[in-house]
Amino acid sequence: MLMIWLSFSVYAEDGFTEIFGPESQSGTDSQSGADPQSGAVPQSIMNPQSAPAQPSLPIPAAPSLTASISGELGFSHRLFLDDGWNSEQVFSPEGSISLLLDSGSSELHARLGINDAQSAGDRTIQLDLEELFIRSYFPFGFVDAGLMVIAWGTGESGHAVDPLNPLSYKSGFPDNLNDAKQAELMARINLYLGYNGKVELVYLPFFHPLLMADSGRWAAADTSALPNLQDPPVTETWEYAQAAARISGTVGGMDLGLLYFYGFRHEPGYTFTTTFTGPDPMDPNDYTTTTTTAYTRGHLIGAEAAAAAGPFTFRGEAGFWLSEDRDGSEAHLCNSRIEWLAGIDYRIPGTTVFLMVEELGSYVLQYDGLSAQDADRMRTYDSALTNTLTAAAEASFARETINVRLSGTYLVEAEGYLIKPEVTWRIDDNLQLTLGGTLVGGADPGDSFSPFYAWRDNDYIEITASFLL
Amino acid sequence: MVSNTPEIVRRKIIRPEIILRKIAVIFIAFTLGSFFAVSAVPTTPTGAEIMQNMSNAQQTTTSAMDIQMTLIDAGGDTSIRRFQTLVDSSGDQTKTVTVFLSPESVKNTRFLTISDSGSQGRDQGQDSQWIYLPALRKVKRISAGERDSSFMGSDFTYADMGDIDDVETSDHTLLGEEQAAQFNCYVVESIPRPDNPSAYGKTVTWIDKESWLAVRVLFYQSDRETVQKELNCEALGRSGDEWYTRKVVMENKADGHRTLMEILQVRFGIPLNPGYFTTAYLETGKVR
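Quick mapping for you: the protein sequence lines, in order, are chains Z and C. If you read the first sequence in the numbering used here, its first letter stands for residue 57, the second for the next number, and so on. If you read the second sequence in the numbering used here, its first letter stands for residue 82, the second for the next number, and so on.
Same shape as in the complex, but just chain C (with noise of 0.2 Å):
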């Protein structure tokens, strides 16, 4: 804003504190507009903000899923694991019962862990688990399952296949933008905290922008650099709102053997009886 005193207009006379007043009043409308104008720009999100996005994409009052995984050792040779499992998250509770359909040497044990929300396959200690052995005709209780064990002899860990965990545990940088396969994607790096152990010494994530899914994710050992295991999705899903991962492979690296995980069924957001998530389920079968 000029200021027209009336001793400059009376006296038609420049002087030096009026021009670096007019410089500064410039100064500050141009500083003024680009604020303005830099706002109305969309801010790229950071690398937890990402990550965040994710665990929030993947939470489900419910879910109920029919999952295939078929193992592939080096030489091709196959064999399958069919399970199916029902996750109700609604109350303060998460609740998880998983029923395995084969091999034969598992068939139709059933699985049940109830854990305080939020610390499910992070914290061993406040989760409660049974399981029921078809041979014996009983549940009995047992410790929190090896998040770091291999599932079901298949190349994803306990770990890999339970929920996201907290994006507080590991610090994330967003390392840019990268096309993965057909899907446009941010890339993090996320470092587990020293006071939160991982398996792995660090992950990188390819995040589909669209979904909010992983579609790509490299994991590293201890030393950072050397790539442990390699997730890629081959397809997503949706059902209604919600977006999933159909269908991924896992490689280790190390020996080349892959599990392909598929999901052949899903349901979430569906009423689930809690009659499914007692020990008198995992004993029967039936549900009251």
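If we strip away everything but chain Z, and leave its shape as in the complex, we get (with noise of 0.2 Å):
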């Protein structure tokens, strides 16, 4: 099916078409001691408050449809290192593709995802809709709806104000947050503000917690242990219907965003209820203890900032959580917190090498007196404060034919670590292929939840191939 739908004609509509026409149809049309100027210039183009003093040029004819197809396609061998030469080795297809039809005032945006549903030895792939969604412009900004990823907040590795989009964590830890980011149904409005900012209203009908495996090598946390773990709640439902709003813009030499959120934190609570099933009050064999998911309703209120001095880049996003749990007595409910996010990029003058750090944070209100099974004492170690730290360094050769990439999380309170080295040969414009590698590890969390240390046996060293679309 892939196949087929390759197969059908793609005409592309990119760049400056108002000016130059159609890539497809654009050719040279300056000559040495030629005057290349004539026909009319097209309004859309034209400063408004200007007099068209200029000589014409031609109208480029205005397509009906274009389409455009984008994306990689390719695999990848895993070689796992936890057993010796019996260590496992998994063969895995890869890629997304990218579908855009434009009609010029509305736009479908398609994205499947390619992915390995093999199970024993048997060979099948699994077609994953990423998104879906339309979009359409207005004079005043535009508005799309439909499965949507949208990322905000100015952070590389991290977010403290991005509270639109679950994250999944069923193949570990992502490449790319990016990638990781689960599509949701939702519908958005972009207003624009002058013409670097825009305030953007957001509504999602229903939520999607994050995405852990509870079983397998990617498992992160041994939900058997919780008694008589129950469904979890349907969560496609009006009452768990979610809102956003953000504004955004340049002010001087800095892109500043602010936000509002109600909705859902992504992380699960539990609920522990026991029962008395008899005959005997006394015998504790007569209770049945039922565990029930429970997602934490509150604001989120947040700032975003970016700034770029010389060869320096700096982000910082901060965010204040306002639980529904406002003095922190529910278990099984998240309590307020304050979360930040900083870092620095910075170019080393004079060669290619990119370096990146960045901390991410969050203080838990009310954490003084918490149980062992509470939600937010789940995920801490032993203290209020979470501080996550990421650095890369990255660097390319030969002419942007070699890049080198080092990349490193370190969990400071759960001493966790996650380094990733990479190496990517870009054999020519479509084709590249990566070596690379994870090392994952940190001490034992104790009761408390660390998907560093329950990944510490997938250390592993990958070779992937991909052809660009």
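Chain Z is faced by these chain C residues, among others (derived, beta-carbon under 8 Å): (1) Glu-185; (2) Arg-348; (3) Thr-359; (4) Thr-360; (5) Lys-367.
Non-contacting residues of chain C with respect to chain Z, defined by C-beta distances greater than 10 Å in every case (computed): (6) Ser-136; (7) Gln-140; (8) Asp-173; (9) Gln-174; (10) Thr-250; (11) Asp-252; (12) Leu-255; (13) Glu-259; (14) Gln-260; (15) Glu-270; (16) Ile-272; (17) Val-285; (18) Arg-305; (19) Glu-311; (20) Ala-335; (21) Gly-337.
These aren't lab readings, by the way, just hints derived from the structure by calculation. The structure presented is a predicted model; accordingly, all values stated were derived computationally and were not measured. Every residue gets a Cβ at the ideal spot worked out from N, C-alpha and C, and that includes glycine.
Got two chains here, each in a separate frame; can you build the complex from them with the hints?
Dropping the structure here:
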């Protein structure tokens, strides 16, 4: 089915088609000594306040509908290192294909993800609809609606003020944070403010939580330890509707944003209900404990900023999450907290070396006295404060055909680490080969939850081949 | 002017002071005559004047270009880079928006730079830059581009691709006049001043006398003796009254890699909607 799709001829409209015409029809219009200017200047490219005194230009034919396909297809071969020569090897097809249909005033965006649905030697491919939304443009802005991923915040490795889409860690820690974002059904109105600002109003009709594997190599938490865990609540109901607003723009030399979100935190909490089943109230075996999953509703008020100075780029986010559990007494709900991110990018002058450092932090309010089963206690390490440090160094060589990257993440309180070295060779403009690896581990978090500790036996090296469409 | 004093006429005697006066007058007349004669002959411009003329020739309020770069390695293998760029220098800022069309790894990446006029390509602290990454569908502010780093893996640096530096950042010396291919040229040597560091120890530029465009440039390493790169113009183009270098080749002397840059389409002085030079355009690719 994929090959049939790709066989349709596509006609891509890229670049400044209003000035140069369609890319597929453009050619040289200038010869030595020739004057290429003739015809009328299209109104859409003119400054309405200036007099059209210039010689006219040919009017490019306006296409009715254009389509473009992009993405990448390939495969990876992963060798785990936990058991010497007996270590598991995994071959996986992977990739994503994006389709854009553009009528000029409206667009349809779709993205399919190609993943491995292999089980016990069965070669099957799983196609995931990762995004599907429409967009319509108006003089005041644009509206989009559908299954979408929206990234707010200025951070590179994480965010403190990016509440709309849940993350998926079902296959471990992603190479790219945005790859881990799960699309959500939402509608968004974008209203322009001047030339570099906008207001966004977002409505999400329901909610989905964070995704973690509950079994297999990438299981991060043993939910079987939770007694009689009931099915999670159905969150695709009006009861779980959410909304957000954001204003962003450029002030002086800084990009700024303010946001408000009313909805749910993606991390679950648990309610433990013990029921007497009889006959002997003195017999502990006559009691049954049932675990139900709960999600915390609250308000997020946040801000973000980015600025550049010379070879440095500074990024920052800050947010205050006001929980529905105002006094922190409900163990199954998350407490209010303060979250922040601070980061610096630096390009070493005269080189291709790029460095990045970020710190993502969280401080849980009313932390003292929380029980071991508390939703916040499970994710912290005897401290209301959690910090995550991320650093990356990247350089390119041989005219950008070789790219070397080393990144690392360290959970300070959990003493967990994740290191990812990677070398990419761009064989040509469409084909690239990547050799990389992941080293992960951490200290035993005791009763708390630490994904890096849970994944400590998942070190691997991997080779990936990708063809860019 | 001969002075006929009554005494000389009456006495008809040649006195020394009179002779000296005649000589002085003749000398003055000759000198004045020579001065007027010299003023009527055109003087050769200085190196700085030539470079200023070249800079002036490249100034335009707005421009739109469709550019293709062909990277050619020493073995003859090629790869294509294609991009389109709009520039608006009509106000107190210079705004540039670029859309990359190929290769696939950067296709539809959009790039916006806003500089205080006169500072673009020179003082990074005065530039604001944003990039739109299509994979993330997000606009990011980034630090000003590294002037001396390679542009898209080509033999051109970002500095090479930008506007010509202010003439006053270097000392310019006219070396003479030469023929370069079919162009009749001034040859100017430019050495950066100590307070304006450059990636090159010096450059030698051949400037076509008719179009005031650089048709050949030698870029020297910091030792000012070793040629690092050589640029040659293969064709000029003309759009209205504006000349431009339509096709140039930059060769890296160290590894034999070459980059052919062709301007496929060009427009000068056209009105451009200011909506192109906004983060809103970067994000959507649609101009309001």
